[in-house]
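Asker: Chains A and B, in that order, give the protein sequences. The opening residue of the first sequence carries number 1 in full-length UniProt numbering; numbering runs sequentially from there. The opening residue of the second sequence carries number 1 in full-length UniProt numbering; numbering runs sequentially from there.
None of these hints come from the bench; they were simulated from the model. The structure presented is a predicted model; accordingly, all values stated were derived computationally and were not measured. Hints are not guaranteed to be accurate.
[What the hints assert, rightly or not] Negatives, chain B to chain A, calculated, CB over 12 Å: (1) Asp99; (2) Glu123; (3) Gln277; (4) Ala328; (5) Asp331; (6) Asp403; (7) Glu422.
[To be verified] Derived DSSO-like pairs: lysine-lysine, alpha-carbon spacing no greater than 30 Å straight-line: (8) B:Lys341 to B:Lys209; (9) B:Lys79 to B:Lys375; (10) B:Lys354 to B:Lys341; (11) A:Lys141 to B:Lys375; (12) B:Lys209 to A:Lys141; (13) B:Lys154 to B:Lys252.
Note that CB positions come from ideal geometry on N, CA and C, so glycine has one too.
Okay, here's what each chain looks like letter by letter:
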Amino acid sequence: MYKARHAWLFLSIPLLLLLVFTFLPSIAALALSFTNYNVFQPSETEFIGFDHYIRAFQDPVFRETILNTVYYWLLVTPALVILPIFVAILVNQKLRGIKIFRLIFYFPVLVSVVITAILWQWMFSTDGMINYFLSLFNIDKVRWLTNTSTAMPALAVVTIWQGFGYYMLFYLAALQGVPQDLYEACELDGASFWQKHLYVTIPMIKPMIFFVAVISTMSAFKEFTLMLTMTDGGPLNSTTTAVFLVYKEAFERLDMGYASAISFILFIIILVITLINQRMLDRTPN
Amino acid sequence: MKALRVRWLCLMMLAIVGLFLVACSDSEGGTSDDPEENASQETEGGSSSESASGELSGEVEFMTISLLPAFEDYLNNLKDEFESMHPDVTVTINDVPYDQVSQVVLTQASSGSLPDVMNLNTEFVKKVAANGALVNMDEAADDVKDDFFEGLWKTAEVDGNVYALPWYTTTSGLIYNPDILAEAGFEEPPSTFEEAWEMSQVIYEETGKYGQVVGPEMHLLFPKNGIPILNEDGTEAAFNTPEAAELWGNLKEYYDEGLYNLDVMLNQVSMAELYAQEQVAWWSTGPQLYRQVEDLSPEVYEKSLGAPAFNGKAGLQHANPMNIAVAANSDAKEAAIEFAKFVTNAENQVEFSKEASVLPPLKEAIEDPFFEEGKDSEDATIRSRYYAAQALADAENMSPPGDDVLEVIEQVQQAFQRVILEDVDPAEALADAEQQVNNILAQ
Chain A
1 MYKARHAWLF
11 LSIPLLLLLV
21 FTFLPSIAAL
31 ALSFTNYNVF
41 QPSETEFIGF
51 DHYIRAFQDP
61 VFRETILNTV
71 YYWLLVTPAL
81 VILPIFVAIL
91 VNQKLRGIKI
101 FRLIFYFPVL
111 VSVVITAILW
121 QWMFSTDGMI
131 NYFLSLFNID
141 KVRWLTNTST
151 AMPALAVVTI
161 WQGFGYYMLF
171 YLAALQGVPQ
181 DLYEACELDG
191 ASFWQKHLYV
201 TIPMIKPMIF
211 FVAVISTMSA
221 FKEFTLMLTM
231 TDGGPLNSTT
241 TAVFLVYKEA
251 FERLDMGYAS
261 AISFILFIII
271 LVITLINQRM
281 LDRTPN
Chain B
1 MKALRVRWLC
11 LMMLAIVGLF
21 LVACSDSEGG
31 TSDDPEENAS
41 QETEGGSSSE
51 SASGELSGEV
61 EFMTISLLPA
71 FEDYLNNLKD
81 EFESMHPDVT
91 VTINDVPYDQ
101 VSQVVLTQAS
111 SGSLPDVMNL
121 NTEFVKKVAA
131 NGALVNMDEA
141 ADDVKDDFFE
151 GLWKTAEVDG
161 NVYALPWYTT
171 TSGLIYNPDI
181 LAEAGFEEPP
191 STFEEAWEMS
201 QVIYEETGKY
211 GQVVGPEMHL
221 LFPKNGIPIL
231 NEDGTEAAFN
241 TPEAAELWGN
251 LKEYYDEGLY
261 NLDVMLNQVS
271 MAELYAQEQV
281 AWWSTGPQLY
291 RQVEDLSPEV
301 YEKSLGAPAF
311 NGKAGLQHAN
321 PMNIAVAANS
331 DAKEAAIEFA
341 KFVTNAENQV
351 EFSKEASVLP
361 PLKEAIEDPF
371 FEEGKDSEDA
381 TIRSRYYAAQ
391 ALADAENMSP
401 PGDDVLEVIE
411 QVQQAFQRVI
421 LEDVDPAEAL
431 ADAEQQVNNI
441 LAQ
């Protein structure tokens, strides 16, 4: 009883903050999605039912942005789930100065998104560093950010570069919890380096893999800063994601109700994907 | 015990929700969506900021865009002078970064506390005005209306009414690199678009560099060449013409010949960078932006010269003023209107022009001897400012009218991008864009 009261006391402040800054605005946004709310004329607000949701499903730009978001997710999430495992295994070795390597791999996470965007915009520009390297192998210049087919993959590369150090830390924590005697038993059985990781490491860190898959999925569906700073959603909307559309509808077209409706459709999509991931996680023996 | 705890929790939640709703409620009662109604409220309701003696009073919040700290002294002088003229008025200056203006305005609007006087760009001022949130300046500033150039007074026009006073503006001058021109065999920069493209061809062949570059402001090319974007009453697209198709067809040909790349048009590289890297022979823009070249490459700026900007077939220049608007629900509306007029009067605009290399959109101000200087200057900014000032009387704001301006511009730009990136026939792209724009205007 005493412990429970103290627990609630400690939880009350974060709960209060969550309520005021997350839950209440979310509920307010859900309510707005059923109205024609205009920030300059709040007194004129009327309930309009599912009009915004119907409009969204009839809007070709919204459909395009959902496809763009799914494309970006497919480019980014598998790489951010798999690549950091290898890096984590590497930096989990007991070598002198390994902490410096961990810091180096983590360093991109510390760089602000806007600075990252400027740096990569320069690298991807027609006369930038990447095209210079390609020219050494007689490969023609690629218009990375001004071509509808290469712009999104280019943005995915930036996201992966910036994100893999973050997920590496999760895997590193999981790896350090894997009992050493399991590896020793494998070695006694004559397992190679790769076999040890395939039959011990991967099964042991499976819950973390699912966790990373869930949070990188949510992060991919919410990404818009890179699109805003590097391509402004173009060329020809090819990098306009759903959240970027929310931003444009809310802050450029001042259509808060429609922006809220799109946000909730996106929320439902992320919820469904998270639940599927959760179900798969529950079914794993670990 | 458990029930008691649950009850306490529910009570706490209710209290928080109540507090939240009270905090978010609009104590001002909002504004009408009818600009006319707001205008009549302004005139009938009188002002809480004017005392019985007729003396102005109240607190005026002045929101500026990215002017601090560079122009801190100028703005503080404005504030001090106005406060000394009206002792019962207090002015506070709140500077906002350019890319955060809409968020700041929307956040303040949602809590019913819009800044009393706002510096807004042309596109956003129309959006805000269309929502009935701004004072009608055709009525409130009728006494100073004729002081402004007619083509610029109408910058913030929505449904036939003007909702902001034009503040500082600029037309274009031309900064050019004589070394690149000489390498290609030219002594003088171009004076027409046709000449510019002919010279670009030679420059590209001789030096591998660019001459004329297509920028992101595709929508301005139409009015510059006498093709209106919308019809006279702003209800339908008017750009789907054989002249427009020919213009886009030519630009597509130039692109295919390699005369310009897409980096500038798609905002991947700024013209200042391209010019400072000596990748382009000239840059037609407002002289106040030349300092970007000077910052990036003082050597390139040093050898650059200034010239008049060339016009399209319409023979007109585009001017894009910053605007000063007053919130319709301001508590100190009369003081705010007076302050807006004070900031934009001839004397203060000339003073600001001297500090910022911009131009005043007022007939009297442009006659100041300061704008007659610089014709023979070796400094590109000073010489171009002279030419830009000469062009101001015939300049107009060429942005499409109405509050759907951003959506209309986006459709025109995307249609041209389809011509370039997807090889769509210009006539087909124009027809599609016309349809899209008409749909937007019909909503």
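Asker: Decide, hint by hint, whether the structure agrees.
Answerer: So, going through the hints one by one against the coordinates:
1. Distance to chain A contradicts B:Asp99 as a non-interface residue, since its nearest Cβ pair spans about 9 Å, not more than 12 Å.
2. Its beta-carbon lying about 9 Å from the closest one in chain A, B:Glu123 breaks the requirement of being farther than 12 Å from that chain.
3. Listed as outside the interface, B:Gln277 is inconsistent with that label: its C-beta sits roughly 9 Å from the nearest C-beta of chain A, within the 12 Å cut-off.
4. At roughly 9 Å from the closest C-beta of chain A, the C-beta of B:Ala328 falls inside 12 Å, breaking its exclusion from the interface.
5. Under the 12 Å C-beta cut-off, the non-interface status given to B:Asp331 relative to chain A holds; the minimum distance is some 17 Å.
6. A Cβ of chain A approaches the Cβ of B:Asp403 within 12 Å, the least distance being about 9 Å, so the stated non-interface status is violated.
7. Residue-level check failed: B:Glu422 sits 8 Å from the nearest beta carbon of chain A, not beyond 12 Å.
8. Proposed proximity of B:Lys341 and B:Lys209 is contradicted: the alpha carbons are some 47 Å apart, above 30 Å.
9. With a C-alpha separation of about 34 Å, the suggested pairing of B:Lys79 with B:Lys375 is violated against the 30 Å cut-off.
10. The hinted pair formed by B:Lys354 and B:Lys341 meets the criterion: a straight-line CA distance of about 19 Å does not exceed 30 Å.
11. Of the supplied pair hints, the one linking A:Lys141 and B:Lys375 is violated, its CA atoms being roughly 43 Å apart against a limit of 30 Å.
12. Restraint check for B:Lys209 and A:Lys141: the C-alpha separation of about 16 Å stays at or below 30 Å, so the hint holds.
13. Using a Cα cut-off of 30 Å, the hinted pair B:Lys154 and B:Lys252 is violated, with the two alpha carbons roughly 33 Å apart.
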